Every structure is written in structure tokens, then in C-alpha cells.
Amino acid sequence: RASLIRDEISLRLGATTAGARARSLQAFAFAIVKSFNQVSSFPEPRLLKGRLIDQDIREMLEGDVADGSGPEWPTQLGLSTNGSPVFRSELREWIARADEYELSLDRIRKLARERQKTEWLAAANFRQKFNLITANARPFSYSSTSILKMAEKIVRRGLPEPFSGLSHLGVDDAQDLTFAGLQFLDSLKSQGIGITVAADPDLASATFRGSEPQALAVLEKLWDLRPIVLGDVFRHGPEIRNAVAELSGR
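Each residue of the sequence shown is one higher than the one before, counting from 7 in this note's numbering.
No wet-lab data here; the hints were simulated from the structure.
None of the values given here were measured: they were computed from a predicted structure.
Don't take every hint at face value.
As the list claims (entries may be wrong) - Simulated pairs of lysine-lysine, PhoX-like, Cα-Cα distance not exceeding 25 Å:
no., residue 1, residue 2
1, Lys159, Lys227
2, Lys55, Lys135
3, Lys123, Lys135
To be verified - Label-pair distances were calculated between CB atoms; the ranges are:
no., residue 1, residue 2, range
4, Glu99, Gly243, 21 to 27 Å
5, Val71, Asp238, 54 to 60 Å
6, Gly56, Gly171, 31 to 37 Å
7, Ser173, Asp238, 25 to 31 Å
8, Glu125, Gly69, 43 to 49 Å
9, Thr202, Glu125, 28 to 34 Å
10, Gly171, Asn142, 19 to 25 Å
11, Ile246, Pro168, 40 to 46 Å
12, Glu50, Glu78, 36 to 42 Å
13, Ile15, Asp238, 38 to 44 Å
14, Ile201, Gly74, 25 to 31 Å
15, Leu83, Ala251, 42 to 48 Å
We put the beta carbon where it would ideally sit given N, CA and C, even for glycine.
The task is simple: from the sequences and hints, build the whole structure.
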């Protein structure tokens with residue numbers, strides 16, 4: 007589907023553009039970081055997959071158990087739980103969200119005490135050591151969250167070539183944007199780039215993975231927008247729409 011959209015956009019533009027015309031926000035952010043690194047004579051960035059990050063977390067947890075170091079996890083999170091794929095996945099998401107909001111160790115410690123969440127304190131201590139080790143082991147490597155944050159920092163100072171001529175950006179499925187994604191879009195707008203955002207809050211499907219529940223409200227306030235609500239539904243016909251309206255109205 008994405009390939010078809012790219013081809014259609016290319017035909018309608020009738021002009022050459024830098025790179026793919028339709029891509030994910032992370033892929034676009036990666037392209038900006040890559041261009042900046044090339045201009046700055048930095049090594050080419052690397053986008054880390056979740057599987058590799060999970061592996062790093064597993065090895066670090068196993069190392070903590072082997073040498074008796076690491077944070078003191080709550081008793082309900084025993085050794086068997088800490089080694090499970092589900093736990094590692096949840097810990098990876100927690101670290102990503104803490105990094106995304108730039109929560110310091112002291113801030114998390116304060117929140118953990120206030121809300122009596124000892125697991126937050128353990129996770130925060132683990133995160134500090136994990137980020138330090140991975141930064142040294144894999145410089146210029148980024149997660150799906152950190153690539154957005156790095157791209158935002160670059161764009162705030164100006165768009166690198168070949169993106170300096172970018173005039174407009176269309177964003178679909180904005181209901182699933184994360185906080186880092188919203189900040190990245192704001193950095194692009196700060197450089198005078200026009201942005202058209204399309205979203206359907208009823209289709210939000212990534213809140214459990216860190217998307218911002220109030221993403222549209224954030225953009226409305228940030229950019230002083232007045233949303234345009236479509237009067238017609240294009241996803242399905244009237245029969246399905248009537249059934250959905252009847253169920254949602256109960």
C-alpha cells in the first residue's frame with residue numbers, strides 16, 4: 007500500500023524529491039540524522055531494532071544476577087519474572103518512555119517515593135546503567151524513540167541538505183503519535199514547513215506502546231489549530247456505519 011501511495015504522489019508532484027515521498031516518521035527522522043552526520047563527517051547512524059534492545063536487556067539482567075549486582079527489584083518481580091520475554095519487553099517500553107520525557111533519575115526517585123512504586127526505582131537504576139553501557143558499546147545508534155529526539159535537536163538548528171528545500175509535510179494516523187513524534191513535528195514547523203495532519207481518534211491503537219492519548223489536543227494548543235472534521239466516513243459504507251453508530255450509542 008505504501009508503495010502505491012509513493013508512486014501516486016510522485017506522479018502528482020511531477021517533480022523529483024529527496025528520498026521516498028511516503029515513509030514512517032522514524033524513517034524520515036533517520037534520514038535527517040543520516041544527512042546531518044554526513045555533512046558533519048560523523049559515522050552513519052544505526053537504527054536499533056527492538057529485538058536487539060531486548061537482547062541487551064536480557065544480557066544485562068543475567069549479568070546482574072550472576073555477579074549479584076544491579077538494582078533491587080521488588081519481591082513480586084522475582085528472578086524468574088525478570089528473565090521472561092514479557093518483562094524485558096515491558097522494561098524496554100518503560101525505558102523508552104522515560105527517555106522520551108527526559109525524566110532524570112532524581113525525578114523518578116521522587117515519583118517512586120510519592121507513589122510507593124519500588125519497581126520504578128529499580129527500573130530507573132537499571133535504565134541509568136543500561137543507557138551508559140549501550141551508548142559506549144554502540145555510539146551513533148538509536149532506538150525508535152531516540153532517533154526522533156535526535157532529529158528534533160538537529161532540525162531546531164536548521165534542516166540539513168537535502169531537506170532544506172522541504173516546504174510541506176503530510177502526516178497520517180496522527181492519533182498514534184508519541185510525545186517524541188509530536189516534538190519532532192513541532193521542530194519542523196518551527197523551520198517554516200507547512201504540515202497537514204490527518205487523524206481519527208477512534209482508531210488509536212498504539213497507546214499501550216507509548217503514543218500520546220491527547221496527541222491532537224496537544225497539536226491544537228501548540229499550533230493554535232482549529233480542526234476540520236470530515237462530515238463523511240470513507241472507511242466503510244452506510245450499512246456498517248449505521249451498525250457502528252448503533253453499538254457506540256448504547
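Okay, the hints, checked on the actual structure:
no., hint, in the structure
1, Lys159 with Lys227, "holds, 21 Å"
2, Lys55 with Lys135, "holds, 20 Å"
3, Lys123 with Lys135, "holds, 19 Å"
4, Glu99 with Gly243: 21 to 27 Å, "violated, 37 Å"
5, Val71 with Asp238: 54 to 60 Å, "holds, 58 Å"
6, Gly56 with Gly171: 31 to 37 Å, "holds, 34 Å"
7, Ser173 with Asp238: 25 to 31 Å, "holds, 29 Å"
8, Glu125 with Gly69: 43 to 49 Å, "violated, 20 Å"
9, Thr202 with Glu125: 28 to 34 Å, "violated, 41 Å"
10, Gly171 with Asn142: 19 to 25 Å, "violated, 37 Å"
11, Ile246 with Pro168: 40 to 46 Å, "holds, 44 Å"
12, Glu50 with Glu78: 36 to 42 Å, "holds, 39 Å"
13, Ile15 with Asp238: 38 to 44 Å, "violated, 23 Å"
14, Ile201 with Gly74: 25 to 31 Å, "violated, 51 Å"
15, Leu83 with Ala251: 42 to 48 Å, "holds, 44 Å"
The earlier numbered hints that this structure contradicts are 4, 8, 9, 10, 13 and 14.
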